[in-house]
Amino acid sequence: MYARLTSALALACLINGAALAADNKVTDPQIAHIAYTAGVIDIEAAKQALQMSKDKEVLAFANDMLRDHEAVNKQALDLVKKLNVTPEDNDTSRALAKAAAEERDRLAKLSGADFDKAYVANEVAYHKQVNGALETLLIPSAKNADLKDLLETGLKLFQGHQQHAEHVAAMMK
Amino acid sequence: MVSKRSLCVLCGLTLILAGSPARAETIRVTIEKLVFSPAEISVAVGDVVEWQNNDVMAHTATVKGDFDIAIPPGGTAALTVTKAGTFDYFCRFHPNMKARLQVW
Chain D
22 MYARLTSALA LACLINGAAL AADNKVTDPQ IAHIAYTAGV IDIEAAKQAL
72 QMSKDKEVLA FANDMLRDHE AVNKQALDLV KKLNVTPEDN DTSRALAKAA
122 AEERDRLAKL SGADFDKAYV ANEVAYHKQV NGALETLLIP SAKNADLKDL
172 LETGLKLFQG HQQHAEHVAA MMK
Chain A
366 MVSKRSLCVL CGLTLILAGS PARAETIRVT IEKLVFSPAE ISVAVGDVVE
416 WQNNDVMAHT ATVKGDFDIA IPPGGTAALT VTKAGTFDYF CRFHPNMKAR
466 LQVW
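Residue numbers (the working numbering), protein chains in the order written: chain D, 22 to 194; chain A, 366 to 469.
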């Protein structure tokens with residue numbers, strides 16, 4: 022729970038920061054880094070679920086997440102290479118990674134149905150948070166048209182994953 | 366010089382072609398950036414729907430309790446339509462991807 026709050030807080034600060042201070046805008050190299058980090062976090066979460074879960078639906082969902090986010094992150098790397106942009110680490114990326122590590126530690130202490138429920142609930146919450154950040158900050162702030170385009174596709178993908186996660190969560194009840 | 370006989374054969378062939386029923390068509394739906402396009406198509410029983418996936422991730426065209434077509438990234442998949450009706454299909458991996466297939 023703490024981790025989820027930290028992650029929500031990190032994104033909330035990011036969003037508020039952009040709304041309040043014009044000089045606090047995220048740059049394209051930072052946006053690229055945040056988007057890539059968001060993908061890596063979900064890949065790590067999926068790998069943990071593949072190790073810990075025995076539930077067929079949860080395993081299938083985790084495999085879907087792994088496959089999609091690896092494919093999109095590869096596309097993102099190809100794009101930054103093409104644009105000759107070096108993704109730049111930043112406070113938001115660091116806060117997201119830290120919160121995700123804490124969430125993984127929390128989940129690692131669970132097992133069976135408790136783990137499955139917590140993993141899927143976190144997937145819903147996490148995708149929701151990333152969608153919020155994409156819509157309100159990352160997409161509007163992106164300068165490069167190709168980067169903006171990739172983020173817009175990313176938003177549709179994350180929205181799809183959120184619905185998929187909600188569906189899995191509903192089936193577990 | 367065309368002989369009378371070959372002329373007759375030609376006429377017969379033309380009649381057969383004109384009289385045969387409409388041939389099955391292939392209707393293409395493109396998937397790009399998690400969108401089915403066109404979002405709605407109308408086809409006849411016997412036609413083939415072919416999905417072309419231009420995304421880097423896998424998709425499906427699914428109707429619960431009916432068809433479930435896996436469409437690999439950068440690839441195609443086809444369905445021969447066998448019954449009439451309205452089919453609202455979606456992608457199992459990304460349920461926000463929706464489209465409609467009308468079959469008459």
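Hints are computed from structural coordinates only; laboratory data are not their basis.
As the structure is a computational prediction, the values presented were derived from the model and not from experiment.
We put the beta carbon where it would ideally sit given N, CA and C, even for glycine.
Each hint should be verified, as a subset may be incorrect.
Claimed, not checked - 30 Å max Cα-Cα, derived DSS-like pairs, lysine-lysine:
| hint | chain 1 | residue 1 | chain 2 | residue 2 |
| --- | --- | --- | --- | --- |
| 1 | A | Lys-448 | D | Lys-149 |
| 2 | A | Lys-429 | D | Lys-149 |
| 3 | D | Lys-164 | D | Lys-103 |
| 4 | A | Lys-429 | D | Lys-169 |
| 5 | A | Lys-429 | D | Lys-75 |
| 6 | D | Lys-138 | A | Lys-448 |
Stated by the list, open to error - Per label pair, the in silico range of CB-to-CB distance:
| hint | chain 1 | residue 1 | chain 2 | residue 2 | range |
| --- | --- | --- | --- | --- | --- |
| 7 | A | Ser-402 | D | Leu-71 | 31 to 37 Å |
| 8 | A | Glu-405 | D | Ala-122 | 27 to 33 Å |
| 9 | D | Ala-134 | A | Thr-445 | 38 to 44 Å |
| 10 | A | Gly-430 | D | Lys-75 | 47 to 53 Å |
| 11 | A | Ser-407 | D | Thr-107 | 46 to 52 Å |
Consistency of the hints with the structure:
Restraint check for Lys-448 of chain A and Lys-149 of chain D: the C-alpha separation of about 39 Å exceeds 30 Å, so the hint is violated. Between Lys-429 of chain A and Lys-149 of chain D the CA atoms are separated by roughly 26 Å; this keeps the pair inside 30 Å, and the hint holds. Between Lys-164 of chain D and Lys-103 of chain D the CA atoms are separated by roughly 15 Å; this keeps the pair inside 30 Å, and the hint holds. Among the hinted pairs, Lys-429 of chain A with Lys-169 of chain D is inconsistent with the structure: their alpha-carbon atoms are about 34 Å apart, more than 30 Å.
A C-alpha spacing of about 25 Å is found between Lys-429 of chain A and Lys-75 of chain D, which places the hinted pair at or below 30 Å, so the restraint holds. For the proposed pair Lys-138 of chain D and Lys-448 of chain A, the alpha carbon gap of about 40 Å is over 30 Å, so the pair is violated. A hinted range of 31 to 37 Å for the beta carbons of Ser-402 of chain A and Leu-71 of chain D is consistent with their spacing of about 33 Å. Taking 27 to 33 Å as the suggested C-beta distance range, the pair Glu-405 of chain A and Ala-122 of chain D does not conform, at roughly 45 Å.
Taken as a hint, the range 38 to 44 Å holds for the pair Ala-134 of chain D and Thr-445 of chain A, whose Cβ atoms sit roughly 42 Å apart. At about 27 Å, the beta-carbon gap between Gly-430 of chain A and Lys-75 of chain D misses the expected band of 47 to 53 Å. A C-beta distance of roughly 49 Å is found between Ser-407 of chain A and Thr-107 of chain D, which places it inside the suggested range of 46 to 52 Å.
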